[in-house]
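Novice: The lines below spell out each chain.
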Amino acid sequence: MSDMTNTNEDILLAVENLSISFGGLKAVDNFNVKIKRGELYGLIGPNGAGKTTVFNLLTGVYKPDTGAIILDGKPITGKKTTEINHEGIARTFQNIRLFTNLSVLDNVKTALDERYRYGLLDSIFRTPKFRRMEKELDERALSILSVFELEDEAELKASQLPYGKQRKLEIARALATEPKLILLDEPAAGMNPQETKELMDTIALIRREFSVTILLIEHDMKLVSGICERLTVLNFGQILREGETRAVLNDPEVIKAYLGD
Amino acid sequence: MKLKYKQKSLRYSLLTYAMVLAFYIICEIMLMTGNMSSLMKGMLVPLCYYSILAVSLNLVVGISGELSLGHAGFMCIGAFTGAIFAMTGGASLPGWAELGIAIVLGAVVSGVFGFLIGIPVLRLRGDYLAIVTLAFGEIIKNVINVVYLGVDSRGWHFSLKDSLSLGLEPDGQTIIKGAQGITRLPRNATFTLGIVMLILALFIILNLINSRYGRAIMAVRDNRIAAESIGISASRYKMLAFVTASAIAGVAGVLYSHNLSTLQSSSSNFGYNQSIMMLVFVVLGGIGNIRGSIIAAVILTILPEKLRFLDDYRMLIYAVVLIAMMLFNSAPSAIAFRERIAASLRRSAGKEAADE
Amino acid sequence: MSSFISFLINGISLGSVYAIIALGYTMVYGIAKMLNFAHGDIIMVGGYVVFVATSMYGLPGWLAIICSIVVCTVLGMTIERIAYKPLRGASSLSVLITAIGVSYFLQNAALIIFGADTKSFNSVVNLPSIKLMGGKIVISDETLVTILTCVLVMVLLTTFINKTKTGQAMLAVSADKGAATLMGINVNRTIAITFAIGSGLAAIAGVLLCSSYPVLSSTTGSMPGIKAFTAAVFGGIGSIPGAMIGGILLGIIENLSKAYISSQLSDPIVFGILIILLLFKPSGLMGKQIQEKV
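Protein chains in written order, with my numbering: chain A, 1 to 261; chain B, 262 to 617; chain C, 618 to 911.
What the hints contain is simulated information worked out from the structure, not anything from laboratory work. Just so you know, not all the hints are guaranteed correct.
Partner residues are not named here, just some residues of chain A that face chain B (Cβ under 10 angstroms, in silico) [said to hold, decoys possible]:
1. Ser-123
2. Arg-126
3. Leu-205
4. Glu-209
Under the rule of at most 30 angstroms between Cα atoms (straight-line distance), these lysine-lysine pairs were calculated in the DSSO-like manner [as the list claims (entries may be wrong)]:
5. A:Lys-79 to C:Lys-794
6. C:Lys-650 to C:Lys-910
7. A:Lys-157 to B:Lys-438
8. A:Lys-222 to A:Lys-180
9. C:Lys-910 to C:Lys-702
10. C:Lys-875 to C:Lys-650
11. A:Lys-26 to C:Lys-910
12. B:Lys-267 to A:Lys-129
13. A:Lys-180 to A:Lys-157
14. A:Lys-165 to B:Lys-267
15. A:Lys-80 to C:Lys-910
16. C:Lys-736 to A:Lys-180
17. A:Lys-63 to A:Lys-197
18. A:Lys-157 to B:Lys-263
19. A:Lys-36 to A:Lys-135
20. C:Lys-650 to C:Lys-905
21. A:Lys-135 to A:Lys-63
22. C:Lys-780 to A:Lys-63
23. B:Lys-269 to A:Lys-129
24. A:Lys-180 to A:Lys-79
25. C:Lys-748 to C:Lys-650
26. A:Lys-165 to C:Lys-905
27. C:Lys-794 to C:Lys-875
28. A:Lys-26 to A:Lys-80
29. A:Lys-157 to C:Lys-910
30. B:Lys-422 to C:Lys-875
31. A:Lys-180 to A:Lys-36
32. A:Lys-180 to A:Lys-63
33. A:Lys-165 to A:Lys-135
34. A:Lys-26 to C:Lys-905
35. A:Lys-165 to A:Lys-180
36. A:Lys-135 to B:Lys-422
37. A:Lys-79 to C:Lys-702
38. A:Lys-129 to A:Lys-157
39. B:Lys-422 to B:Lys-438
40. C:Lys-910 to A:Lys-74
The beta-carbon is built from N, C-alpha and C at its ideal position, and this holds for glycine as well.
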């Protein structure tokens, strides 16, 4: 714990005493975490431990009962999902949530909306500004898609993509909002070992290309141990262990929580 | 890499405008050569405003994905706004100026109501939204039906009781007479104006859909939570679609009231059954398919008239056709059946190609 | 004071009719997740059957009512089988439009068979009316029978749902269709039974409505249908006690606003109260708040 109190550290996300209950059940109880800028941090735990609830609290889908969330020195507790994204948090979802009837390209372009703005009248009268902005949007979206090797599928409907590519598109869309922190909710769920390996490469790549901090929920232990620097283990809504990945994964308590008694 | 979507959307838009223009030209030729029945002549303006209503409702139902059952209410607001202007400020203006200002006023007033109604309505989801829009439509129609409005040298007078309680000066004029509505309207809407308004409505809606606004509206429709997670404000974009559609429905209302000599706020004009009829246009024309809405509106408006020889049976047949088409288009087993047929046709076509 | 009580009792009576219709709406919605726009027109059919049975064949009232219930039940099941069952799994909008088609069909079929002129309906209830407070308040026999019928329907329906296997199956299907299938419940049969019960109730509502408001035309059922739909949403659509409370409240509000405010503004007031209620309780009085799972 001593390294966390060090004020010289560049902390991007600080969460303090975060709690929420649903109908008397404490889904997340006194959750704390400090994530350094540029870090790849893992959040693991058995089913129903409250991992996704933490994500929903961080992104404003749920309002916490108590606690504070500070992003880059700025409190964001209680803000709306939209505002939190503008502050710099983007996410993916455990059950993929794409804009299924939009093209792959438009999925990313929608995420660029904040950065390439033009007015309603520009849209209706197709002004030069509209054309210029749309051109820039296309270029930017394609360049993001090319990082994920999705540029050839740019004009397909998102729902036509195979599963693995849908996961990639969801990450691409989140990154297009240029977040400081991206939350990945079980990105390897439903993938075979080959796809999982590719995904690990992709995550390493986006960390370099987009210089983004990553908080990752994962079940796949191999993925976690392969890429995460530090971990928090949740169990029944409470923190079981936190610290360096290897130390945490070898902790008997953690092993017990995962394998059961 | 070369993107094709722009040509595709441009082709769609141009084809839609061309279709409307072709329809206009054919009708004009028929009019000039005297080949059009008086029944059909009377339907030209209605075809325009029904098409405008259908495309604007499609913006809400198809593009924004919200089931609205109160579209006739906005048409009603536009109709009365336009008619009140025609009877007052517009009475001394030349026809074209009166119509132009009436259309702008109708759009603005209807749009403002769309905004006010949208605040509570768009917080609701699905079927709750449907019943509340229906409720608003009925409220608008019923309230206007009991309104008495007059104007004299002292200004506007308003009552919910009768014309006497307006307390007008002798020179005053009663404009809305409760259930009797507004009488002696100029009746100066033309087919050409209707077509111009339809093309204008199409221009606004198609360009809106193919812009960042349209993308955001559809993103919210497809997945509200994901849209919010990337910074798209769901309520703002839903509201944009709702207000735009309301304003355009208001324009249709202005056309409607300028095509009649007496305007009444009755169930047969602006009741929920009218809203439902517009929804039928949208669904049969294809959800989100703007061009389809026009085609459906035109066919389904002409069809019952052409079936007049069937007398009482025509609406019964209309109902049966409606049910049959829904079953054919949407039933999972019918879709599977169509796909099987299509696949076997493709196979046999492929075989022939291979045989040659 | 005595006039207020009369208005109130008449409101409860009208509300009882709405409640019986709303029960059908809410049960069908709960189980098939569809807005059955044609439900109101079943009421009209129920009214016409009684009209034909009593005025043309001279059957006694009770027999006419049984005929009406049987015809409507069969009709409801037939409609479900032909028009709605093939659309299971299709978008809710397609089902809604189909229901609208069915509604047009029933109205226009009635128009062809019975003509456009309204029929005057002879009340099937012929009991002495009750006088209270020395004759200041007169409760008509129709009013009394309507209210009693509504209570009876509510008790029977609640017992049926809680005590019988079919009733439990209905609850299961409405909670989770997929899970119900896995538990070995015949979902199609359960939905068909729900339509049968809803339509039977609509027939009863039709008889009561036409006895109290004795005119009958092809569109008799549509406005009460919409009102009952409003009542179901008011009480929380899918909830049976909700439909009951919603219906009765709606009837009271409508009758009191007719009496004290304006007969022409009673509908806007009813709809306005619905809108205000939904702003504060978006799932109605007794509906369950459904949070989307993220």
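Novice: State for each hint whether it applies.
Specialist: Evaluated hints:
1. Ser-123: Holds. Min distance 3 angstroms.
2. Arg-126: holds, 6 angstroms
3. Leu-205: Constraint on Leu-205 (chain A) not satisfied, violated at 20 angstroms.
4. Glu-209: violated, 18 angstroms
5. A:Lys-79 to C:Lys-794: Violated. Lys-79 (chain A) to Lys-794 (chain C) sits at ~37 angstroms, over the 30 angstroms cutoff.
6. C:Lys-650 to C:Lys-910: Holds, because 19 angstroms separates the two Cα atoms, which is no more than 30 angstroms.
7. A:Lys-157 to B:Lys-438: It is violated: about 54 angstroms lies between the C-alpha atoms, which goes past 30 angstroms.
8. A:Lys-222 to A:Lys-180: It holds: about 26 angstroms lies between the C-alpha atoms, which stays within 30 angstroms.
9. C:Lys-910 to C:Lys-702: The hint holds at about 28 angstroms.
10. C:Lys-875 to C:Lys-650: Violated, because 33 angstroms separates the two Cα atoms, which is more than 30 angstroms.
11. A:Lys-26 to C:Lys-910: holds, 17 angstroms
12. B:Lys-267 to A:Lys-129: OK: Lys-267 (chain B) and Lys-129 (chain A) at ~16 angstroms, within 30 angstroms.
13. A:Lys-180 to A:Lys-157: Measuring from Cα to Cα gives roughly 28 angstroms; hence the hint holds.
14. A:Lys-165 to B:Lys-267: Holds, at roughly 24 angstroms.
15. A:Lys-80 to C:Lys-910: With Cα atoms ~17 angstroms apart, Lys-80 (chain A) and Lys-910 (chain C) stay inside 30 angstroms; holds.
16. C:Lys-736 to A:Lys-180: violated, 73 angstroms
17. A:Lys-63 to A:Lys-197: Violated: Lys-63 (chain A) and Lys-197 (chain A) sit about 35 angstroms apart, past 30 angstroms.
18. A:Lys-157 to B:Lys-263: holds, 17 angstroms
19. A:Lys-36 to A:Lys-135: violated, 36 angstroms
20. C:Lys-650 to C:Lys-905: Cα-Cα ~14 angstroms, so holds.
21. A:Lys-135 to A:Lys-63: Distance of about 39 angstroms is beyond 30 angstroms: violated.
22. C:Lys-780 to A:Lys-63: violated, 41 angstroms
23. B:Lys-269 to A:Lys-129: holds, 21 angstroms
24. A:Lys-180 to A:Lys-79: holds, 17 angstroms
25. C:Lys-748 to C:Lys-650: violated, 45 angstroms
26. A:Lys-165 to C:Lys-905: Between Lys-165 (chain A) and Lys-905 (chain C) the Cα gap is close to 37 angstroms, so the pair fails against 30 angstroms, i.e. violated.
27. C:Lys-794 to C:Lys-875: Violated, at roughly 42 angstroms.
28. A:Lys-26 to A:Lys-80: Roughly 22 angstroms between the alpha carbons, so the hint for Lys-26 (chain A) and Lys-80 (chain A) holds.
29. A:Lys-157 to C:Lys-910: holds, 24 angstroms
30. B:Lys-422 to C:Lys-875: Holds - the C-alpha atoms of Lys-875 (chain C) and Lys-422 (chain B) are around 14 angstroms apart, at most 30 angstroms.
31. A:Lys-180 to A:Lys-36: holds, 11 angstroms
32. A:Lys-180 to A:Lys-63: holds, 21 angstroms
33. A:Lys-165 to A:Lys-135: Holds, at roughly 25 angstroms.
34. A:Lys-26 to C:Lys-905: Given pair Lys-26 (chain A), Lys-905 (chain C) holds - Cα atoms ~21 angstroms apart, limit 30 angstroms.
35. A:Lys-165 to A:Lys-180: Since the Cα atoms of Lys-165 (chain A) and Lys-180 (chain A) sit roughly 23 angstroms apart, the hinted pair holds (cutoff 30 angstroms).
36. A:Lys-135 to B:Lys-422: violated, 59 angstroms
37. A:Lys-79 to C:Lys-702: violated, 45 angstroms
38. A:Lys-129 to A:Lys-157: Judged against 30 angstroms, a Cα distance of about 27 angstroms means the pair holds.
39. B:Lys-422 to B:Lys-438: Judged against 30 angstroms, a Cα distance of about 10 angstroms means the pair holds.
40. C:Lys-910 to A:Lys-74: holds, 28 angstroms
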